[in-house]
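Chemist: Chains as they are written, first to last, in our numbering: chain A, 1 to 104; chain B, 1 to 578.
The hints are simulated quantities; they were obtained by calculation from the structure and are not laboratory data. On a predicted model such as this, the values are computed, not experimentally measured, just so you know. Note that beta-carbon positions come from the ideal geometry of N, C-alpha and C, so glycine has one too. Among these hints, one or two may not hold up.
Cβ-to-Cβ under 7 Å is the rule here; a few derived chain A residues that face chain B [as the list claims (entries may be wrong)]:
| hint | residue |
| --- | --- |
| 1 | Pro10 |
| 2 | Ser11 |
| 3 | Ala26 |
| 4 | Ser29 |
| 5 | Met30 |
| 6 | Arg32 |
| 7 | Val34 |
| 8 | Ile40 |
| 9 | Ala41 |
| 10 | Tyr85 |
| 11 | Ala86 |
| 12 | Ile88 |
| 13 | Ile89 |
| 14 | Ile92 |
Here are the simulated distance ranges between beta carbons [said to hold, decoys possible]:
| hint | chain 1 | residue 1 | chain 2 | residue 2 | range |
| --- | --- | --- | --- | --- | --- |
| 15 | B | Glu456 | A | Met24 | 27 to 37 Å |
| 16 | A | Asp45 | B | Glu408 | 48 to 58 Å |
| 17 | A | Arg72 | B | Gly502 | 46 to 56 Å |
| 18 | A | Glu65 | B | Glu303 | 50 to 60 Å |
| 19 | B | Asn452 | A | Glu65 | 30 to 40 Å |
| 20 | B | Tyr336 | A | Glu44 | 38 to 48 Å |
| 21 | A | Asp63 | B | Gly502 | 27 to 37 Å |
| 22 | A | Gln12 | B | Gly502 | 23 to 33 Å |
| 23 | B | Glu50 | A | Gln12 | 31 to 41 Å |
| 24 | B | Glu408 | A | Glu65 | 45 to 55 Å |
| 25 | B | Val235 | A | Arg72 | 53 to 63 Å |
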Amino acid sequence: MGTALEPPSPSQFSEIIEKKIRDMGAEVSMDRSVYPLLEIARGEDHYEMLWHMMRIFKILEVDQELGGLLARIQDNPYEIKRYFYALIIGIIGATGAAEGGRGR
Amino acid sequence: MLCLTMSAGGGNAGSWPCSGKIELAATGNWYLDAGAVGFLRILKGWTFEEEPMDIIEGRVPCDHLLFDYSFAFWSRRINDDVDDERTRAVLEDLRSRMKEEWMRARDGERTAPADAEEILVGLVEEYRERLEEIRATADAGGGNDRNKKGQNSVEIFEFAPGNFLFNFSFDNSSVAKKGPAERIRKFVEYLKGEDRKVVEERALDRTLIKLLPSAEEFSNEFLGNLTVRDLMENVSPLAHAFLISIEAGLVEIRTPQNDRNYVYFHSPDLLLSYRIQEAIASRQEAAGARDSALTGSLADALEYLVKLEAQWTLENLLMVRLGPIGNDQMVREASYYPFDRCAAEILLSGGRALNDFVQEICVQEICVGQEICVGRPRARENECLIRGLSGLVEWRPLSISSIEWLREQVAGGGESRGEPEFLLSWAAADATRARREGRDGGCGKTFKSRHNQLREVYRNAREFAKGADEDELAGWILKLSYDIIRGDDNVFMNDALRIIAGRDAAGRGELLRHLARIIDESEVDVRTTSGGWITPALALPLLLGFYVEWASPDAGAGGPGGGRRQPLFTMFKYEGIG
Chain A
1 MGTALEPPSP SQFSEIIEKK IRDMGAEVSM DRSVYPLLEI ARGEDHYEML
51 WHMMRIFKIL EVDQELGGLL ARIQDNPYEI KRYFYALIIG IIGATGAAEG
101 GRGR
Chain B
1 MLCLTMSAGG GNAGSWPCSG KIELAATGNW YLDAGAVGFL RILKGWTFEE
51 EPMDIIEGRV PCDHLLFDYS FAFWSRRIND DVDDERTRAV LEDLRSRMKE
101 EWMRARDGER TAPADAEEIL VGLVEEYRER LEEIRATADA GGGNDRNKKG
151 QNSVEIFEFA PGNFLFNFSF DNSSVAKKGP AERIRKFVEY LKGEDRKVVE
201 ERALDRTLIK LLPSAEEFSN EFLGNLTVRD LMENVSPLAH AFLISIEAGL
251 VEIRTPQNDR NYVYFHSPDL LLSYRIQEAI ASRQEAAGAR DSALTGSLAD
301 ALEYLVKLEA QWTLENLLMV RLGPIGNDQM VREASYYPFD RCAAEILLSG
351 GRALNDFVQE ICVQEICVGQ EICVGRPRAR ENECLIRGLS GLVEWRPLSI
401 SSIEWLREQV AGGGESRGEP EFLLSWAAAD ATRARREGRD GGCGKTFKSR
451 HNQLREVYRN AREFAKGADE DELAGWILKL SYDIIRGDDN VFMNDALRII
501 AGRDAAGRGE LLRHLARIID ESEVDVRTTS GGWITPALAL PLLLGFYVEW
551 ASPDAGAGGP GGGRRQPLFT MFKYEGIG
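Chain A extracted, bound-state conformation (with noise of 0.2 Å):
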């Protein structure tokens, strides 16, 4: 039996998304994607946080490699909001051209 790997931490996590993203060339839209986000973070309804972040995890074919991830959040509302705002950082840090990104 194989031990749990580690989840990655807020960081990490909006790299990953940030990098998925840019690597399926995906267009991201800031009125339709960023901004609604942002206004579900404003608020305190964490289980739309988590369906919201299911969605994005299945259209970005990452819901394997991060599902333990929201297995382990799901209960801990304070959680939920960290890794959505993560969630939301990786997305607008894709859709940046000035500097190519994150400018690494």
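Since chain A is already given, all that's left is putting chain B on it; use the hints.
Modeler: Same frame as chain A, but now just chain B:
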């Protein structure tokens, strides 16, 4: 010439109040401990030459200590403020003779109070005659020097600085009129513990010693209700000597305004306090400088601190600053700065000299809130340093004050105030301390890496904000600062992300990375501290970058109507960005 080989038989017959070997230890009360350090500093060059280990560890009998102290005390009091060369030479000679006679008496095991009194009185009588002769000669020659006809002869002994010990008969001017011999008799009487008026009848507060607060002000009320006798019986048989040595334990420093301040570094380790006071005093003598006096003193203390290993000691350190002393001999101000190694390491990090730190935080022409006074004229450097340091050493975060200040500048539509990058130092210090990484040492390293990290965020925030409309920039600053001041971490993160999402500019990626790091760290903060999500220290470099761009002359080049520096409270209504 007076013969000084007589046996004991002065007016002060009897013995010293103690005879065995006693150890010296800090009591935890800084007045008494400053007195103990003063006691040791007075005995330097007499009972010991370099380090007072023998005394502290109880290897010198108590009666010997008091005997030595009698000589050392009066030798220190010999008047140095004399213009006339011959007089000065005579007084210098008296100092040498005191040492010689003391050594002879010590070798001959004549260390009773009566011996001390007899030798000292004999010496001052002899030298008083010599001084009288000089004055007579000057009178006869019609000299115009200080000892000219009609003037009193020079006092052999000075009084304690600031007349701190006026209530002790040996330092009282009315007793002094009877001559120096009488002062010595009274002194020995006190040192034997037999001056009942002082030892048993007076309250132990500023009515006795001017350096002490009044009984009402006493932070330690227990001490305020005690007498000198109580201390001698319950704290140390040398406590009465400590009380008249407090001034010697302090080091006088001059402020840029030429006020006299006194500093004392209090620690639970008497030897450490002694060493630091000696180092500070030595710096004062060597430099003679005024503008860096307090800075220098702190630097000395800090140098010792960073070498210190004992955690308990580190957690019980206190720098006391007294003064200036008013005409009524009241100490106008007493400030206390608790120190620990983390603060010391931060201030000395990366080879940074404390002076540089002061320059960085104090010489710019801005003033941040009530907490941090930055850039007042140079004359107020000490005040600035003290405010800044007190924030640091008391673990009082300075970042929030800085953010409030940035907000006020923007809201008030103030003119450009330069680039207060020094605020990054406060942010880095706060961030270092918030994680309590200093507990295991390494605060200096942490501070340095934090400083670099926050400077990078600041640089990227400036890049990001370049070319933004001035009103837009002001809106960002007001909005984000409001979130932080209100403690609404969630809204701060949300607003910051909206700002970054809405502008595709250089520096954007790095700012996102910083926000992700804040989220990472928030887990630790929630576990270990009060549970705040966004620490002001981590938000500050972002706001500072925006602020500096807002304040730069190029800001708002494309802005509407060049409406620069309008008061923004009237223009700005807080709403979500979107």
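Chemist: Does each hint fit the structure? Answer for all of them.
Modeler: Now the hints, each set against the structure:
no.	hint	in the structure
1	Pro10	holds, 4 Å
2	Ser11	holds, 4 Å
3	Ala26	violated, 16 Å
4	Ser29	violated, 11 Å
5	Met30	holds, 6 Å
6	Arg32	violated, 13 Å
7	Val34	holds, 5 Å
8	Ile40	violated, 10 Å
9	Ala41	holds, 6 Å
10	Tyr85	holds, 6 Å
11	Ala86	holds, 6 Å
12	Ile88	holds, 6 Å
13	Ile89	holds, 5 Å
14	Ile92	holds, 5 Å
15	Glu456/B <-> Met24/A: 27 to 37 Å	holds, 30 Å
16	Asp45/A <-> Glu408/B: 48 to 58 Å	violated, 36 Å
17	Arg72/A <-> Gly502/B: 46 to 56 Å	violated, 32 Å
18	Glu65/A <-> Glu303/B: 50 to 60 Å	holds, 53 Å
19	Asn452/B <-> Glu65/A: 30 to 40 Å	holds, 33 Å
20	Tyr336/B <-> Glu44/A: 38 to 48 Å	holds, 45 Å
21	Asp63/A <-> Gly502/B: 27 to 37 Å	holds, 30 Å
22	Gln12/A <-> Gly502/B: 23 to 33 Å	holds, 25 Å
23	Glu50/B <-> Gln12/A: 31 to 41 Å	violated, 57 Å
24	Glu408/B <-> Glu65/A: 45 to 55 Å	holds, 48 Å
25	Val235/B <-> Arg72/A: 53 to 63 Å	holds, 60 Å
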